[in-house]
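Modelling step: build the complete structure from the supplied sequences, incorporating the hints.
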Amino acid sequence: MRRIALLGAAVCLGALLVLPTVAAAKPKPKPKPRPATTVYRNGYVWTVDKSKPRARAVAVRGGKIVFVCSDRRAKAYIGKKTKVVNLKGRMMLPGFVDSHMHASMGSAEMVFMAQLWGLPTVEDYVDAVADFADAHPDFEVIRGIGWSNTVVPGIGPLKEDLDAVVPDRPVALWSEDHHSLWVNSKALEFAEITGATPDPKDGVIERVPGTEVTDPPHGTPSGTLRETAADLMTARLPDYTVEQYKEAMHWFQDEIAAPLGLTTVFDPILYIDGNATQALEEMARDGELTVRIRAALEITPEDDLTDWIKAAKAERAKHTHGMFKTPAVKVFADGVVEGHTAYLAEPYADAEEYKGDPDFRGEPIWQPAAMNEAFQKLDKAGFQIHVHSIGDAATSETLDA
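Position 220, counted from 1, in the sequence shown is what my numbering calls 220; the numbers after and before it change by one each time, with no gaps.
Fair warning: there could be bad hints in the mix.
[Said to hold, decoys possible] Straight line, CA to CA, 27 Å or less: simulated DSS-like cross-link-like pairs of lysine-lysine: (1) 330 / 313; (2) 52 / 88; (3) 377 / 201; (4) 380 / 313; (5) 64 / 52; (6) 325 / 64; (7) 81 / 30; (8) 75 / 32; (9) 318 / 330; (10) 310 / 380; (11) 30 / 52; (12) 310 / 355; (13) 318 / 64; (14) 318 / 380; (15) 75 / 28; (16) 355 / 313; (17) 88 / 64; (18) 52 / 75; (19) 88 / 30; (20) 325 / 310; (21) 64 / 30; (22) 28 / 80; (23) 80 / 32; (24) 75 / 50; (25) 32 / 64; (26) 313 / 325; (27) 310 / 330; (28) 88 / 50; (29) 201 / 330; (30) 88 / 75; (31) 64 / 81; (32) 32 / 83; (33) 310 / 201; (34) 83 / 30; (35) 377 / 330; (36) 377 / 325; (37) 64 / 50.
Calculated from the structure, these hints are not laboratory results. None of these values were measured; they are calculated from a predicted model.
Written out as structure tokens, the structure reads:
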């Protein structure tokens with residue numbers, strides 16, 4: 001018993017001897033963090049973190065968020081050169097990702113084309129085109145975008161309406177869905193499209209009804225080109241330059257992306273070795289992109305699959321900067337309902353009136369076997385597959401592939 005008591009006393013004495021040492025050891029203060037580039041304070045910050053959904057301040061350094069916290073704790077990140085932004089109670093959200101936006105091509109169209117969006121009549125369209133043509137006497141071709149098939153159903157708008165205001169230069173106007181092109185007589189002449197020109201594969205040249213007899217064998221073009229028929233015109237037009245695409249992208253970043261809080265955009269159509277692709281690469285390299293761009297390169301059934309994949313892989317390898325990459329492939333399975341180019345499981349309601357065929361339901365752009373082969377090889381090559389499919393038959397074909 002005496003040994004146990006002595007042992008207990010020794011343990012207690014050891015503890016007493018250690019305790020003063022422990023009490024004397026003060027915790028080292030945490031080092032003050034490096035100052036942030038910018039501190040946003042006095043806001044309502046939504047973090048999208050369930051464990052801590054709200055905060056008051058955000059510290060940013062070198063373009064990256066380094067701390068999300070209270071106003072009090074944010075003071076540690078404020079240095080002599082730190083920019084402090086008082087949000088004044090406004091909400092701050094994480095950046096938005098737009099999963100389908102034609103940032104490059106669409107921006108060029110907004111900057112360098114006549115804008116017809118939302119106009120209610122053909123007369124309004126024509127007036128807008130006339131004003132644009134008058135304002136740009138140096139443009140060899142008048143381009144525009146935004147007219148609606150719902151305003152001009154059936155065979156679409158007519159060339160004569162454009163001839164009345166721009167008779168001396170080609171006019172080419174995209175519909176709002178970008179699947180139909182309205183042109184004037186000068187444009188048809190430029191593209192060498194006549195009554196003897198057949199509809200291209202997967203395309204329609206709208207004709208003046210009854211003229212297949214007087215303008216054989218197909219009929220007089222009325223002024224609207226659908227799907228690949230539009231390529232007969234646009235393939236002859238020069239692309240926008242690299243510098244023009246850069247100008248358009250700066251407009252997009254300032255006028256669209258920044259005000260809407262977009263930090264990443266999926267651009268669904270670019271082209272191998274295209275000017276827009278080059279412009280985005282140069283902007284990423286030179287630090288001019290403020291929006292991350294992820295893009296798809298378009299492939300068509302007419303492309304040689306092996307050669308195209310080889311070229312697409314080489315294009316993808318060029319873009320190593322985090323702000324711009326081309327990880328995907330764009331495939332068109334069909335067109336759009338309003339242009340009668342979507343591929344449906346059942347006939348169009350106006351099939352007889354529009355096509356003279358009560359069973360007309362559109363046509364697929366890809367045949368199932370070709371689509372299956374392409375999808376398998378594209379997937380093996382490491383590409384994401386992005387498909388435009390509007391009609392239910394086209395969508396079924398896509399899902400089966």
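Now for the hints, and whether the structure bears them out:
1. With a C-alpha separation of about 14 Å, the suggested pair residue 330 and residue 313 falls inside the 27 Å cut-off, and the hint holds.
2. A hinted pair counts as satisfied when its Cα atoms are at most 27 Å apart, and residue 52 with residue 88 qualifies at roughly 21 Å.
3. The suggested pairing of residue 377 with residue 201 holds, with an alpha-carbon distance near 24 Å, which does not exceed 27 Å.
4. With a C-alpha separation of about 12 Å, the suggested pair residue 380 and residue 313 falls inside the 27 Å cut-off, and the hint holds.
5. In summary, the hint linking residue 64 to residue 52 is supported, as the alpha carbons are separated by about 19 Å, within the 27 Å threshold.
6. Restraint check for residue 325 and residue 64: satisfied, since their Cα atoms lie roughly 20 Å apart, inside the 27 Å limit.
7. For the hint linking residue 81 to residue 30, the alpha-carbon distance of about 22 Å falls within 27 Å, and the restraint holds.
8. For the hint pairing residue 75 with residue 32, the CA-to-CA distance comes to about 10 Å; that is within 27 Å, so the pair holds.
9. For a cut-off of 27 Å, the pair hint linking residue 318 to residue 330 stands: about 18 Å separates their Cα positions.
10. Annotation: proposed proximity of residue 310 to residue 380 holds, straight-line Cα distance about 12 Å (limit 27 Å).
11. At roughly 23 Å between alpha-carbon atoms, residue 30 and residue 52 fall within 27 Å of each other, so this suggested pair holds.
12. Distance hint between residue 310 and residue 355 is unfulfilled; the C-alpha atoms sit about 40 Å from each other, more than 27 Å.
13. About 25 Å separates the Cα atoms of residue 318 and residue 64, which keeps this hinted pair within 27 Å; it holds.
14. Among the hinted pairs, residue 318 with residue 380 is consistent with the structure: their alpha-carbon atoms are about 19 Å apart, no more than 27 Å.
15. For the hint pairing residue 75 with residue 28, the CA-to-CA distance comes to about 20 Å; that is within 27 Å, so the pair holds.
16. A hinted pair counts as satisfied when its Cα atoms are at most 27 Å apart, and residue 355 with residue 313 does not qualify at roughly 41 Å.
17. For the proposed pair residue 88 and residue 64, the alpha carbon gap of about 22 Å is at most 27 Å, so the pair holds.
18. At most 27 Å may separate the alpha-carbon atoms for a hinted pair to count; residue 52 and residue 75 meet this at roughly 20 Å.
19. The hinted pair formed by residue 88 and residue 30 fails the criterion: a straight-line CA distance of about 30 Å is larger than 27 Å.
20. Only pairs whose Cα atoms come within 27 Å are accepted, and residue 325 paired with residue 310 is accepted, the gap being roughly 17 Å.
21. For the proposed pair residue 64 and residue 30, the alpha carbon gap of about 22 Å is at most 27 Å, so the pair holds.
22. Between residue 28 and residue 80 the alpha-carbon distance is near 25 Å, which keeps this suggested pair within the 27 Å criterion.
23. Our distance criterion of 27 Å between C-alpha atoms is met by residue 80 and residue 32, whose separation comes to about 14 Å.
24. The straight-line distance between the Cα atoms of residue 75 and residue 50 is roughly 25 Å, inside the 27 Å bound, and the hint therefore holds.
25. Distance hint between residue 32 and residue 64 is fulfilled; the C-alpha atoms sit about 18 Å from each other, no more than 27 Å.
26. At most 27 Å may separate the alpha-carbon atoms for a hinted pair to count; residue 313 and residue 325 meet this at roughly 12 Å.
27. Annotation: proposed proximity of residue 310 to residue 330 holds, straight-line Cα distance about 16 Å (limit 27 Å).
28. Simply put, residue 88 and residue 50 have alpha-carbon atoms about 24 Å apart, close enough for the 27 Å limit, and the pair holds.
29. A distance of roughly 19 Å separates the Cα atoms of residue 201 and residue 330; the hinted pair therefore holds under the 27 Å criterion.
30. Restraint check for residue 88 and residue 75: satisfied, since their Cα atoms lie roughly 16 Å apart, inside the 27 Å limit.
31. With a C-alpha separation of about 17 Å, the suggested pair residue 64 and residue 81 falls inside the 27 Å cut-off, and the hint holds.
32. Distance check on the hinted pair: residue 32 and residue 83 sit about 18 Å apart at the alpha-carbon level, within 27 Å; holds.
33. With a C-alpha separation of about 25 Å, the suggested pairing of residue 310 with residue 201 holds against the 27 Å cut-off.
34. Simply put, residue 83 and residue 30 have alpha-carbon atoms about 24 Å apart, close enough for the 27 Å limit, and the pair holds.
35. For the hint linking residue 377 to residue 330, the alpha-carbon distance of about 14 Å falls within 27 Å, and the restraint holds.
36. Of the supplied pair hints, the one linking residue 377 and residue 325 holds, its CA atoms being roughly 20 Å apart against a limit of 27 Å.
37. Between residue 64 and residue 50 the alpha-carbon distance is near 21 Å, which keeps this suggested pair within the 27 Å criterion.
In summary, the structure is inconsistent with hints 12, 16 and 19 from the numbered list given earlier, while agreeing with the others.
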